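Undergrad: Residue strings, one per chain:
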Amino acid sequence: MVGVMVEDERAALAGHLRAVAERRDKAAFAALFAFYAPRVKGYLIRQGCQPAQAEDLAQEVMAAVWRKAGLYDPAKAEASTWVFTIARNLRIDAIRRERYPQVELDDGARELPDDRPAADDVVSTGQRARLVQRAIATLPPDQAEVIRQSFFQDKAHTAIAEDLGLPLGTVKSRMRLAMIKIRAALGEQEP
Amino acid sequence: MSVTHHPSDAVLVAYGAGSLGEGLALVVAGHLAFCPRCRDRIASIEAVGGALLEEIEPQAPEAAMDPGALDAMLARLDTLPADVPLPPPAAPVGLKLDFDVPPALRASLATPGADTAWRMAGPGVRQLVLHRPRHVGGPTAMLMRIAPGRKMPVHGHRGVEMTLVLDGGFSDEIGHFVAGDVAEVDPDTDHTPVADRGRDCICLVAVDAPIEFRGPILGPLQRLFGR
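Respectively, the protein sequence lines represent chains A and B. Going left to right, the first sequence walks through residues 1 to 191 as our numbering numbers them. Going left to right, the second sequence walks through residues 192 to 418 as our numbering numbers them.
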């Protein structure tokens with residue numbers, strides 16, 4: 001595992017994204033490309049993409065970063081989380097040729113009763129990445145394994161259970177325990 | 192009325208990771224329109240995705256981009272089309288939808304391959320297939336409309352099955368489900384939803400493996416579902 005990122009580096013990435021959104025800043029984009037393109041390509045390779053396809057898709061992801069930068073809201077997610085969701089959706093489009101149903105989380109289509117704590121009562125997004133990374137690093141190996149398989153091997157819990165020769169209930173409870181720890185690290189309340 | 196039945200963490204993780212099949216993903220996306228709690232959970236799961244992306248070793252040989260990739264990209268940035276959000280797709284002409292359709296589902300209704308009309312699927316039950324996978328027969332997502340007091344047709348499923356209530360309500364062995372609630376049923380578990388009295392119950396039903404109907408009305412249903 002790579003050493004934990006320093007906060008400055010994360011803040012710089014968010015700053016570059018803002019510079020792309022506000023000023024179409026190509027130097028900032030080049031910095032984002034240097035950081036994200038190889039990581040996205042590595043992610044796609046782990047998911048089973050062929051190298052040429054991973055290269056093309058990673059470029060498509062970066063093109064989407066350029067085009068959509070104005071939609072990035074630093075109050076809602078880390079830059080890396082935002083890039084991850086773009087890579088995830090393009091991968092699904094390209095590889096499965098199935099559209100991934102998405103909700104615009106703020107589409108305002110419904111007036112929702114919302115008694116959640118305000119975001120700044122929980123943790124700021126700046127802290128979020130560090131807390132999540134630490135929580136993942138301290139998960140028991142069996143819980144970390146099912147989480148990593150979900151993200152890197154295109155396997156839902158049912159396929160993971162088959163693969164590991166475990167009852168579905170065991171895999172589900174590992175996922176649940178892992179997410180309880182991650183949510184606790186983020187200061188979220190379990191209902 | 193508020194949502195009390197949610198998808199499991201395992202399903203939410205699969206959705207956030209992008210490893211959930213399209214049928215089940217449609218149920219989760221529909222549920223999120225009703226449920227701030229699960230939207231928060233998805234945000235945390237996507238943050239895990241972001242953290243795992245950061246951890247990928249950029250110097251690894253397989254991760255290295257082609258040497259000219261950045262220059263090629265910089266050269267074409269100005270020609271990239273602006274990101275203009277697409278207008279929500281219209282539902283098929285003539286399809287009557289007398290309930291509140293979550294945005295994620297609206298897109299699905301307009302997908303080629305989705306049915307364009309309700310069909311009878313047994314006494315008091317109508318269905319509308321939303322999604323059939325490309326390579327295997329049988330739908331993985333459909334709307335079902337169940338008349339007051341009627342049972343959903345008996346069916347088995349090899350994988351996980353999820354049912355999202357869109358309008359009305361039903362009861363099964365687990366409890367009572369209203370709009371926004373999700374019943375998640377693991378393989379080999381039978382459940383028999385019975386619609387509430389008073390109004391139709393409209394649900395989105397999805398599976399991760401194509402649905403198989405059994406019981407006395409097996410034949411006609413299998414034909415309806417195109418298997």
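Simulated from the structure, these hints should not be mistaken for laboratory data. As the structure is a computational prediction, the values presented were derived from the model and not from experiment. Do not take every clue at face value.
DEER-style ranges, computed between Cβ atoms [claimed, not checked]:
| # | chain 1 | residue 1 | chain 2 | residue 2 | range |
| --- | --- | --- | --- | --- | --- |
| 1 | B | 193 | A | 134 | 41 to 51 Å |
| 2 | B | 274 | A | 167 | 38 to 48 Å |
| 3 | B | 388 | A | 53 | 35 to 45 Å |
| 4 | A | 12 | B | 259 | 19 to 29 Å |
| 5 | A | 180 | B | 377 | 17 to 27 Å |
| 6 | A | 53 | B | 270 | 18 to 28 Å |
| 7 | B | 270 | A | 15 | 45 to 55 Å |
| 8 | B | 274 | A | 153 | 47 to 57 Å |
| 9 | B | 195 | A | 153 | 12 to 22 Å |
Just so you know, even glycine gets a beta-carbon here, dropped at the ideal spot from N, CA and C.
Undergrad: Could you run down the list of hints and mark each one as holding or not?
TA: Hint check:
1. B/193 <-> A/134: 41 to 51 Å: violated (33 Å)
2. B/274 <-> A/167: 38 to 48 Å: Holds: the Cβ-Cβ distance is about 44 Å, inside 38 to 48 Å.
3. B/388 <-> A/53: 35 to 45 Å: 54 Å Cβ-Cβ, so the 35 to 45 Å window is violated.
4. A/12 <-> B/259: 19 to 29 Å: holds (25 Å)
5. A/180 <-> B/377: 17 to 27 Å: Between residue 180 of chain A and residue 377 of chain B, where Cβ atoms are some 20 Å apart, the hint holds.
6. A/53 <-> B/270: 18 to 28 Å: holds (23 Å)
7. B/270 <-> A/15: 45 to 55 Å: violated (26 Å)
8. B/274 <-> A/153: 47 to 57 Å: Given a distance of about 30 Å, which is not inside 47 to 57 Å, the answer is violated.
9. B/195 <-> A/153: 12 to 22 Å: violated (33 Å)
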